[in-house]
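Peer 1: So you can see what is in the structure, the chains are spelled out below.
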Amino acid sequence: MNQELSILGLQGRVAIVTGAASGIGKSAAEILAAAGAKIDACDVNADGVKATVGGLAGSGHTAEVIDLADLDACDALIRGTAKREGRLDILLNVAATLRRLDIEEIDEAEWDRLMNVNLRSQYFLCRAAGEAMKPGRWGRIVNVSSGAGLVGGFVGATAYAITKAGIMTLTKSFAKDLGPHGITVNTLSPGAIDTPMQRTGMTKDTLEAARSRIPLGRMGLPAECARAAVFLASDLASYVTGHILAADGGFLMR
Amino acid sequence: MSELTQGVTVSADPATGFGLAGKVALVTGAASGIGRATAELLARMGAKVTAVDINGKGLAGIDLGDGGVTDVADLSVPRACDQVVAGVLAHHRRLDILVNCAAILKRVPIAQVDAALWEKMMDTNLLSQFAMCRAAARPMRKQGSGRIVVISSTAAFNGGADNSSVYAIGKGGSLALAKSLARQLAQHGITVNAICPGGIDTPMGRFGFTDESWNAHYAKNVPLRRAGQPEEVAKAILFLVSDWGSYVTGHTLDVEGGLLLR
Chain A
0 MNQELSILGL
10 QGRVAIVTGA
20 ASGIGKSAAE
30 ILAAAGAKID
40 ACDVNADGVK
50 ATVGGLAGSG
60 HTAEVIDLAD
70 LDACDALIRG
80 TAKREGRLDI
90 LLNVAATLRR
100 LDIEEIDEAE
110 WDRLMNVNLR
120 SQYFLCRAAG
130 EAMKPGRWGR
140 IVNVSSGAGL
150 VGGFVGATAY
160 AITKAGIMTL
170 TKSFAKDLGP
180 HGITVNTLSP
190 GAIDTPMQRT
200 GMTKDTLEAA
210 RSRIPLGRMG
220 LPAECARAAV
230 FLASDLASYV
240 TGHILAADGG
250 FLMR
Chain B
0 MSELTQGVTV
10 SADPATGFGL
20 AGKVALVTGA
30 ASGIGRATAE
40 LLARMGAKVT
50 AVDINGKGLA
60 GIDLGDGGVT
70 DVADLSVPRA
80 CDQVVAGVLA
90 HHRRLDILVN
100 CAAILKRVPI
110 AQVDAALWEK
120 MMDTNLLSQF
130 AMCRAAARPM
140 RKQGSGRIVV
150 ISSTAAFNGG
160 ADNSSVYAIG
170 KGGSLALAKS
180 LARQLAQHGI
190 TVNAICPGGI
200 DTPMGRFGFT
210 DESWNAHYAK
220 NVPLRRAGQP
230 EEVAKAILFL
240 VSDWGSYVTG
250 HTLDVEGGLL
260 LR
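Chains A and B, in that order, are what the protein sequence lines are. Going by numbering that gives the first Met the number 0, the first sequence opens with residue 0, and the numbers climb by one from there. Going by numbering that gives the first Met the number 0, the second sequence opens with residue 0, and the numbers climb by one from there.
Please keep in mind that the hints were generated in silico from the structure rather than gathered at the bench. All C-beta atoms in this analysis are idealised placements derived from N, C-alpha and C, irrespective of residue type, glycine included. There could be a bad hint or two in this list.
Residues of chain A clear of chain B, computed beta-carbon distances all greater than 10 Å [said to hold, decoys possible]: (1) A56; (2) T61; (3) R112; (4) Y122; (5) R217.
Heads up, simulated DSS-like pairs for lysine-lysine below, C-alpha to C-alpha not over 30 Å straight-line [to be verified]: (6) A:K133 with B:K219; (7) B:K219 with B:K105; (8) A:K175 with B:K56; (9) B:K141 with B:K105; (10) A:K82 with A:K203.
Pulled out of the complex, with its shape left as it was, chain B reads as follows (with noise of 0.2 Å):
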C-alpha cells in the first residue's frame, strides 16, 4: 500500500477469496429468477441472507442455509422497505450486502399506458430500488463498508421488447440511480453497480415469447448464440458483492451474451 492508495480494505494476496463469510446480505425479488439464484448463491459463499419477495409461496424451498431467512413485502410500499431493512438490523445489527432485484413487466402498447400502470410499474421496479437503497444506506454508512447492486436491463439501452415502454424506462432510472449513489456514497467505502441483464431464461425474461421463439431469438440475435441462465447473472453479482469487486464502483456490467456490445 501506498500514499496513494490508502484506505483500501481488500488483501493483495493472489489466493485472497470472495470474503461473503457471515456477511448479511438483503436480496430482493428472491422468489424466481435472478433474485432467487443471486440469493441462493450467496448463501452457500457463506452470506446470511434474508431473502424477500411479495409472492411468500414462491419464497418456500428456497434454500439459503443455516443462516438464512425469509420476509414477504411489497417493496413499492417505501414504508414497506424501510420495515424490512429494520427487520435485518434487528436480527443481525449490520447490513452489508444490497441486491435489488425485484421487478415487474407487462408489456402494453403506448396508447394503452395509463398513469395508473405508469405508478404502478415505476413504484415496483424503481421507486423500490430508490428506497432500498436509501434504507440500506443509512447503516452502511456508519458502518463504513457496504455494497449495493441494482438489477437494470438492456432495454434501458435498446428500448427493450415490443410494448415495453414503461419498463424501459424504469431500467433506465436504475442505471442513474446506481450512478448518482455511487457517487454519494463512494466516501463512505460503499459501491454501488448496476447490472444489465440480456435474455435470461426466467419466467419474466420469457414473458410473451413461446420456448420455440425464445430460443430462436436468442440463437439468432446474441453472439453466445444463446439466451443466459439466471445462475450466470449471480456469479456476476457475485463478483461485485465480494471482495472481488472492491475497485469497481458507478459501473453498469452487461451480463447479455453480447447482445449490447455497447
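Okay, chain A solo, but in the shape it has when bound (with noise of 0.2 Å):
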C-alpha cells in the first residue's frame, strides 16, 4: 500500500460501491482497496463487477449482482454486508441508468425506470445504511449526482437531470438525520467525465462540444472523479457534509 494514503483512514474499513463495473464506480472501488478498504462492489452487470473484484488490491472483496430497482434487494444488500462483516462504515452510490430520450420519447416506463434507478434506490439505501452505521458512530455516504441536476442536463437528459436534483436534495435531508450519529452524506457532482455513460447516445461532435466548454478544457478521467468521491468518504472530509462537491473542471463555478 502506498503509505501516503494512510491519512484517509481508510484501512479495515467496509464499503458498499454500487455501480461498480465501469466508470467512476469501478475506479472508486479500487482506490478505495487501495487504501485498505474491504469492498463490497456491485452491479446489474455480472461480468463487469467480477471482473472489478478480480482487480481489486488486498482480500476479501464481495462481488454482487444486483438491480437497484428492486427495493428488496436495495434492502437486502446493506443487511447482507453488515450482518456478514459485523459493520458497515462507507456507502458509495455511483449507480445510475442514462438513455438519451427527447421529452415527447419519455413515456411513464421509462420515467419510472429511471425514478427507480437512479433516486428511489439511493433513498432507500441510505435510510438502511445509516441504520448499519449508527452503532458505530462513524459513517460516510456519497451520493453520485451530476451537474446535470442543477443545469437542466445536455442532449436527450431531461429525466435524468431531475433524478440527479432529487439526489442533491436527498442528500441534504439525510445529512441532516445522520448528522447527530457521527454519519456525514454528501454529494459529489461529477461534470463531463470520459465514461462509457457520458459517450452513451453521443457523437464525436456533441462530445467535442461538451468538452470545448470546460475550463480545464478536457474531460476528467474516471479516477480523477472517483479520487473526490473517496475523499468525501475518508477522515480527510470529518467536517464536511451535507455539501455538494463539483468535480468538474470548472464548468458548473458553484
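Given two chains presented individually in distinct reference frames, assemble the corresponding complex, making use of the accompanying hints.
Peer 2: If you want it as C-alpha cells, here you go:
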C-alpha cells in the first residue's frame, strides 16, 4: 500500500460501492481498496462487477449482482454486508442509468425506471445504511449526482437531470438526520467524465462540443472523479456534510 | 487517456498519492488557526513550505520539517505580497501551491463602520488575496501548473455573525475572486478554489464567544453537533492542492459540518 494514503483512515473500513462494473464506481472501488478498505462491489452487470473485484488490491472483497430497481434487493444488500462483516462504514452510491431521449419519447415506463434506479434506490440504500452505521458512530455516505441536476442536463437527459436534482436534496435531508450520529452524507457532482455512460448516445461532434465548454479544456478521468468521492468518504472530509462537491473542471463554477 | 481527456497530468493508478513531495508551497496567515494547521500538514506531506504572517512571534515554534521557512509580512500592502512571492522564487525557482488564509475580523455595528475600518479589513482580507494570487500566477503560468486556494467563509452566504458585515462582504469577494481566476488560469493548468469554513475552533472563530456559548451554539445549530478543528479544514485544503484535486476548479468547498446545506 502507498503509505501516503494512510491519512485517509480507510484501513479496515467496510465499503459498499454501487455501479462498480465501470466508470466512476469501478475506479472508486479500486482506490478504496488501494487505501485498505474492504469492498462490496455491486452492479447489474455480473461479468463487469466480477472483473472489478478480481482486479482490486487486497483481499476479502465481494461482488454482488443487483438491480437497484428492486427495493428488497437494496435492503438485503445493506443488511447482508453489515451482517457478514459485522459493520458498515461507507456507502458510495454511484449506480445510475441514462438513455438519451427527447422529452416526447419519455413514457411512463421510462420515467419510472429512471426514478427507481437513479433516485429511489439511493433513498432506501441511504436509509438502511444509516441504520447499519449508527452503532459505530461513524459513517460516510457519498451520493453521486451530476451537474445535470443543477443546469438541466444536455442532449436528451431531461428526466435523468430531474433524478440527479433529487439526489442533491435527499443528500441534504439525510445529512441533517444522520449528522448527530457521526455520519456524513455528501453529494458528488461530476462534470463531463470520460466514461461509457458519458459516451452513450453521443457523437464525436457532441462530445467535442461538451469538451470545449470545460474551463480546464478536457474531460475528467474516472479516477479523478473517483478520488473526489473517496475524499468525501475519508477522514480528510470529517467536517464536510450536506455538501455538493463539484468535480467538473470548472464547468459550474459553484 | 482519450482525445477527450488530453492534457491530463495525473495518473489513473488507484494507488496514486497526493504528490506533494518536493512541491513548493506558500501559506499565509500561518501563525495560528487554519493557516498554521495547513502549513504544518503540507510540510508533513513533503512540501517545502514558506509560512507567512504579520505576527512573527506567532510563527515561532511552527513545525515545517526540513525544507520550510517563515517570513514576516503585512500582506494588506500589495508590494509586500510581491516581495513574499519573489522571496520564494529566489529560493526555490518555482511556486506550486498558494493557500491564502490571512484575515482579520473586527466586529463593528454597521452604523460605526467608517472608511478606515472598511479599508483596513478589505485590504487585509480581500486585496491581499488578490495581490498574492496575481503575484503567484506569473510563475505558475510559466510552469503550466499550480494550485491556489483562498479561504472564504460561511459568512459569504449567510451574512456572518452579528456586527461582521465588512468581513462577510470581503469573504463574498473571495468567492468571486476564486471563480474569476479559475476561469482565466484554467488554460495554464492552474486550479483555483475557495473554502468556506464554518465554526472552526481558532482564536478568530471564537472571537466574541464564551467557551460555553461557543460549544452550545454549534452543538445546536450544526448537523454534526460540534464546531470544527483547524486540522479538519487543513485536510480539505490538502485534497484541493494535491494530485487528488486535479479536476476540481472554480469550486467553493464548504467545511462547516452541514451549517449551510446550500
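Peer 1: It remains to establish, for every hint, whether it holds in the given structure.
Peer 2: Verification of the hints:
{"no.": "1", "hint": "A56", "in the structure": "violated, 7 Å"}
{"no.": "2", "hint": "T61", "in the structure": "holds, 18 Å"}
{"no.": "3", "hint": "R112", "in the structure": "holds, 28 Å"}
{"no.": "4", "hint": "Y122", "in the structure": "holds, 17 Å"}
{"no.": "5", "hint": "R217", "in the structure": "violated, 5 Å"}
{"no.": "6", "hint": "A:K133 with B:K219", "in the structure": "holds, 20 Å"}
{"no.": "7", "hint": "B:K219 with B:K105", "in the structure": "holds, 25 Å"}
{"no.": "8", "hint": "A:K175 with B:K56", "in the structure": "violated, 41 Å"}
{"no.": "9", "hint": "B:K141 with B:K105", "in the structure": "violated, 38 Å"}
{"no.": "10", "hint": "A:K82 with A:K203", "in the structure": "violated, 47 Å"}
Figure legend: structure checked against the earlier numbered hints; hints not met, in rising order: 1, 5, 8, 9 and 10.
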